[in-house]
Amino acid sequence: MDENIGNAKYYEGCGQEGPIRCIFLCEFHPTAGPTITCQVPENYISKDIFDTVSHYIIPKVQLQRCTLTVTLLGSKILGFPVRLDNKKYARNAYYFNLCFVCDAWARTVHLEPLVKKLTEYLLSMELETEWLSRQSRSGDARALGGLMRQVMRDINSRRMCTLTVGTTTTHLTVVRVNSDPAPVRDHQVPVFLYSRHSFAPDQWDLTTNQILPYIDGFNHVSKIAALTDVEVSLVRACVQNLVYYGVVTLVPMFQYCAVYSATPKLRQLTRCAGLQRQCLEFAARSARQLPKVSDAFRMYAGMTYGTCIRELCRRLRPQDLAINERKLVLFGVLEGLIRRVYKYPINITHDDDDADSVRSEHSQPLVRTYNGLVCLDELCCQGGLTAAQLEEQLENDSNVAFIVK
Amino acid sequence: MEVNPVNIFFVKSDSKGDRLLFRYPYTVEAKDEGKQKKCGRHNPYAISTTEDLLQNTQTQTSNICKGQLSGFTDEMLSTLFAVKPELCNRKFELKVNDVRFVGHPTLLPYRTNKDDTAAMILINIVFALQASASHSIVKCYYDLSKRLGKALRHEEKRCSYLTEEMKIMLAAHDEVSTLDNEINTENDDDEENSRYSVSSTTFSLDAVLDTGPKSAFHLILQRSSLARSMKQVFEELSSTGIVQVRINKWVLLSFCLPHKAHQIHNRGLIVEPETIDKCLQKLRPYHGILLMVNPNELLECIPLDGSPALLRLIKLYSPLKSLQTIAIEADLTLTQVFQLTGHLVYWAKATVIYPLCEGNVYVVAPGADTRAHSPLPREFAAEFPGLCLLQILSSFSLPAPLWYHARGAGGGADVTRLPRAVAWLLRRRLLLQLHTYVQFNSAHWARDPDGKEYFCEKHNIIYNQSCNVSFSSLNQMQLNVPEPVDQRNSSNIFPDSDEEYPTQNNLNQTDFSHTKPIVIESEVSLKHDKFEEVDSANHSFDDGLDVVDGIMKTSLHIEGIDREKKLQGNSVDSGISNNINGNTNGESNGVECDNDSKEDKPKLKTRLSDLSLKESETSSKDTTSDEDRFESDPELSPRQKVSNGVSFTNGHEKKNGISLNLKLQSEMSFQPPTVWTGLGSCDAMEPRAPPDAAGEEAALHAFTKEERAVLAQLPAAQQPEDLMLLAQLHKKGYLRGEHHLEEIMFMENVTRSQLMQLLDKFKDVLITFETEDPAVAMLYPYQ
Numbered sequence: 001m002d003e004n005i006g007n008a009k010y011y012e013g014c015g016q017e018g019p020i021r022c023i024f025l026c027e028f029h030p031t032a033g034p035t036i037t038c039q040v041p042e043n044y045i046s047k048d049i050f051d052t053v054s055h056y057i058i059p060k061v062q063l064q065r066c067t068l069t070v071t072l073l074g075s076k077i078l079g080f081p082v083r084l085d086n087k088k089y090a091r092n093a094y095y096f097n098l099c100f101v102c103d104a105w106a107r108t109v110h111l112e113p114l115v116k117k118l119t120e121y122l123l124s125m126e127l128e129t130e131w132l133s134r135q136s137r138s139g140d141a142r143a144l145g146g147l148m149r150q151v152m153r154d155i156n157s158r159r160m161c162t163l164t165v166g167t168t169t170t171h172l173t174v175v176r177v178n179s180d181p182a183p184v185r186d187h188q189v190p191v192f193l194y195s196r197h198s199f200a201p202d203q204w205d206l207t208t209n210q211i212l213p214y215i216d217g218f219n220h221v222s223k224i225a226a227l228t229d230v231e232v233s234l235v236r237a238c239v240q241n242l243v244y245y246g247v248v249t250l251v252p253m254f255q256y257c258a259v260y261s262a263t264p265k266l267r268q269l270t271r272c273a274g275l276q277r278q279c280l281e282f283a284a285r286s287a288r289q290l291p292k293v294s295d296a297f298r299m300y301a302g303m304t305y306g307t308c309i310r311e312l313c314r315r316l317r318p319q320d321l322a323i324n325e326r327k328l329v330l331f332g333v334l335e336g337l338i339r340r341v342y343k344y345p346i347n348i349t350h351d352d353d354d355a356d357s358v359r360s361e362h363s364q365p366l367v368r369t370y371n372g373l374v375c376l377d378e379l380c381c382q383g384g385l386t387a388a389q390l391e392e393q394l395e396n397d398s399n400v401a402f403i404v405k
Numbered sequence: 001m002e003v004n005p006v007n008i009f010f011v012k013s014d015s016k017g018d019r020l021l022f023r024y025p026y027t028v029e030a031k032d033e034g035k036q037k038k039c040g041r042h043n044p045y046a047i048s049t050t051e052d053l054l055q056n057t058q059t060q061t062s063n064i065c066k067g068q069l070s071g072f073t074d075e076m077l078s079t080l081f082a083v084k085p086e087l088c089n090r091k092f093e094l095k096v097n098d099v100r101f102v103g104h105p106t107l108l109p110y111r112t113n114k115d116d117t118a119a120m121i122l123i124n125i126v127f128a129l130q131a132s133a134s135h136s137i138v139k140c141y142y143d144l145s146k147r148l149g150k151a152l153r154h155e156e157k158r159c160s161y162l163t164e165e166m167k168i169m170l171a172a173h174d175e176v177s178t179l180d181n182e183i184n185t186e187n188d189d190d191e192e193n194s195r196y197s198v199s200s201t202t203f204s205l206d207a208v209l210d211t212g213p214k215s216a217f218h219l220i221l222q223r224s225s226l227a228r229s230m231k232q233v234f235e236e237l238s239s240t241g242i243v244q245v246r247i248n249k250w251v252l253l254s255f256c257l258p259h260k261a262h263q264i265h266n267r268g269l270i271v272e273p274e275t276i277d278k279c280l281q282k283l284r285p286y287h288g289i290l291l292m293v294n295p296n297e298l299l300e301c302i303p304l305d306g307s308p309a310l311l312r313l314i315k316l317y318s319p320l321k322s323l324q325t326i327a328i329e330a331d332l333t334l335t336q337v338f339q340l341t342g343h344l345v346y347w348a349k350a351t352v353i354y355p356l357c358e359g360n361v362y363v364v365a366p367g368a369d370t371r372a373h374s375p376l377p378r379e380f381a382a383e384f385p386g387l388c389l390l391q392i393l394s395s396f397s398l399p400a401p402l403w404y405h406a407r408g409a410g411g412g413a414d415v416t417r418l419p420r421a422v423a424w425l426l427r428r429r430l431l432l433q434l435h436t437y438v439q440f441n442s443a444h445w446a447r448d449p450d451g452k453e454y455f456c457e458k459h460n461i462i463y464n465q466s467c468n469v470s471f472s473s474l475n476q477m478q479l480n481v482p483e484p485v486d487q488r489n490s491s492n493i494f495p496d497s498d499e500e501y502p503t504q505n506n507l508n509q510t511d512f513s514h515t516k517p518i519v520i521e522s523e524v525s526l527k528h529d530k531f532e533e534v535d536s537a538n539h540s541f542d543d544g545l546d547v548v549d550g551i552m553k554t555s556l557h558i559e560g561i562d563r564e565k566k567l568q569g570n571s572v573d574s575g576i577s578n579n580i581n582g583n584t585n586g587e588s589n590g591v592e593c594d595n596d597s598k599e600d601k602p603k604l605k606t607r608l609s610d611l612s613l614k615e616s617e618t619s620s621k622d623t624t625s626d627e628d629r630f631e632s633d634p635e636l637s638p639r640q641k642v643s644n645g646v647s648f649t650n651g652h653e654k655k656n657g658i659s660l661n662l663k664l665q666s667e668m669s670f671q672p673p674t675v676w677t678g679l680g681s682c683d684a685m686e687p688r689a690p691p692d693a694a695g696e697e698a699a700l701h702a703f704t705k706e707e708r709a710v711l712a713q714l715p716a717a718q719q720p721e722d723l724m725l726l727a728q729l730h731k732k733g734y735l736r737g738e739h740h741l742e743e744i745m746f747m748e749n750v751t752r753s754q755l756m757q758l759l760d761k762f763k764d765v766l767i768t769f770e771t772e773d774p775a776v777a778m779l780y781p782y783q
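Those sequence lines, one after another, are chains A and B.
Quick note: the UniProt record's numbering has the first sequence finishing at residue 405, numbered continuously throughout.
Quick note: the UniProt record's numbering has the second sequence finishing at residue 783, numbered continuously throughout.
If you are wondering where the hints come from, they were derived from the structure by calculation, not from laboratory data.
Among the hints, erroneous ones may be present.
[Said to hold, decoys possible] Straight-line Cα separation of at most 25 Å, BS3-like style, residue types lysine-lysine; simulated pairs: (1) K47(A) with K84(B); (2) K278(B) with K265(A); (3) K167(B) with K231(B); (4) K265(A) with K731(B); (5) K91(B) with K47(A); (6) K761(B) with K705(B); (7) K763(B) with K265(A).
All chains, please: the whole structure from these sequences, using the hints.
Below, the structure is given as structure tokens:
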């Protein structure tokens, strides 16, 4: 069990998922108390260890049907204890718990629904045919062992599993548990993280399929809505859904008046050959002529506060260097080599009319007070203005200051 | 908030069985809730469906109701927490639905009344947390549970504290249950009542206050000091994240939950201990610290037996000083100062900055809270009347050195208030400093001259937008994926993570967080030496500004006295004389700088560079102060030598501030030592000594043939001095984008103007970029 101790890569809290090491079924035996009926692989959880943790695996009544995870002695045991009341059982009840065992460092939250579903499947079979209790009474748990072996193998390798026992079938799959992504704004640009060829369109809904061709890394959400003639809130919802599943990510809109700043990660471009090759192939104007690393680096290095892309292009002439500046910026943003510097107009007069501003937000988008939460890009999108127009308009307003961050 | 604890439990298990002795908060479930459940179950109109067979009880998915624990009875919890002896003295972690219980079951000998044979008793102090709390939070709570257990073990051993407290708690439990039994015999109609009444969870707060039957836990809270301590722990964790509790008025338990503590000053900023460790590893001597609190308040809250080193450091603190300067002034080794810095950052008392100076370039931090209606503008206005936060931030929208802001461009902040305002903004993480990094544009990208392994980020992202190039082939390449940072194996960095809680009173001094119980009154006056100036930052920064503006303070006579005092201070054992040192050095700092600038009058420009550089320059150029150094440094080094494991005795004896630091620096960084070898004397510290032909030849070997060819075409290469400097910088790896200008200035003892000229002359081969210092930026919320 201690095989991973001393391995620096895996420690508790590393946040990585690990394989299922063992699956066992534990029952409350009428005379012997909690026992392991069946375990794959054999003897992964020894008798001694089991005895020390058994009262977390077959717990008291109140903890039935709770997802229990106990981390002890270098392993994590995940279970969903169940009690079945019926006169036909000895002691009038049948307790069982199907447990997954993982390494102590592994994340197991994603396995919880799986354990629950599998337990409910077993429970229904028990109710119909006494599938479990018969096996444990006879001492021949081959069918159960086979089932558990299949679950362990399939989940570890394919992350999904289809079980068939008799005439019943159940499907298990590991679902990633992510927190909800932030709401999508109109000015954000979705960009694919996977190759589009590996993307199966029939898995997705019609609206998503409609907007898919327009996700090219340059069209922002409201532009996609306009191009596809889809309601913008639907586009937002679709994009948010895609973000949740990690298919796309959101990047800032490319504009020649946009300002970017290098991040400390930029220096990786000087060291990592893989990154350099990716960068050059991605940002090249044509696949035949790759730009030089030093030129790409010089472009990134020139991105500082106060320098917009337009000035940079005038100075360094990326078209002569065989660099597509739009793609270069996109690559930099995706890899975190640069980050966008936004401009936030903010009202510096001190009339605290919160209520007013909220109301005006709904009635007239442009007459809102600039509260420092909305950047210039978003305002442009909402008002349908160009950045230059809006900026000019705001420059004249002495109450409005710009904060660049 | 997932950082806050949901509940704290105290469970014992001995030969008489297990028992939940105390929990806080204890008013969890209202009684009527249970009744409602019962009513629902026996609803006569409900149709009992066959589906109920499968779903015979409603699956419970959440055990947290309105921020409080629900659905557990006390008996159940006590059986869960009373672990088998095999699981004692190790981490106990149990997750039930969305609650995570963490604790450290402690087994300890326990004196029973009848005989002296010590029976073993198990105690477990368990914290209930939300399951979504990150692992590092769980780890901190585990650590706290462990330390509480150890403190109790110590107190039990010393004076049977635990025995007494447990007696009180058990008595209270018995009292309440007998009282309940009496009531129950009176009105015997409700069977359920007896079951609920023992577990006091049924009583709402009103019931406790109004009616007769009192909660056992309420009684315990009144009678037991241990229960009160636990309550205090819980409340301090929920409010500030900093726990200072004295168990049995004897053992002081200091604990800090950094995730929470950093939110005192910055809402929403979560700093994990692992981040602080990483930051500490990147700490360099030129970094400085910025205290989040008033130094005087900080001094007062340090326990009486706090490390004298820490006291000295705080007394000498100034956001203008580099850690190296502080180390020298406070007579500490650099390693010690780093550890103290880590300690202060951990406790949310300080943050790491680059020392404030006029050449610093700040911009608004990406994660800064710039909402017009956030409380920050109001707080700022209260601190600096007449100034508008948003205007100041707006003035930092374009990167400009601080002196530019000081000259009236900065949103109305005048010269005197600007440094304080900047410090305020840095504390709130509203400003971020930009540094300039230099990259030598060599022909061989991606090949490191040292052959060192550089880690790539994961490049498993495939781009396939409008371009047709497939990047999938790149994925097949061997890419170096960064390994997760190892666990904190250096447990001595933070006393909080110390394995052993001191069980005796002679505590080791590196442990600042624990105290001796005996209060010596006479020490108080000695310890609480007031911080010299109310705002020393402001003061000395002003000095700097004055010099720039051409007004200089002449205070040579003070300097003389100062030097005398210094000598005096050094003759005394440094361990004892911290008081003297503290006082004299505190005022000497500003003075010394003035002195420097006088002698370097032609180079007024260098005032714009940082003070730490100034410090090192003095030691190399100014012979008089050099002597001063010579006097002081050998005095301070022997201790350091031993403690650092640095042997200065072999080879070149350099009793110079700089060489010492270079050595320390080279130890810490991955680079080969940058001590100037071959030239043994102090003259070697002059980096721009006229190079002879052979030396030049040797230096140029740093470049490859192609690079030399490119260099030869540049007109600037005709200047041997410039070329030599470039070669030296290149050889030492400063031109690889890893070191910012300030670091190069500090390490190589060059001025900013020199560097800027060099950059300008060789701009064809050097690429500069501006970005933040990762060590500093790590503590910002957007990271």
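Hint check:
| no. | hint | in the structure |
| --- | --- | --- |
| 1 | K47(A) with K84(B) | 14 Å, holds |
| 2 | K278(B) with K265(A) | 16 Å, holds |
| 3 | K167(B) with K231(B) | 18 Å, holds |
| 4 | K265(A) with K731(B) | 23 Å, holds |
| 5 | K91(B) with K47(A) | 21 Å, holds |
| 6 | K761(B) with K705(B) | 20 Å, holds |
| 7 | K763(B) with K265(A) | 22 Å, holds |
Going down the numbered hints, you'll see the structure goes against none, and every one checks out.
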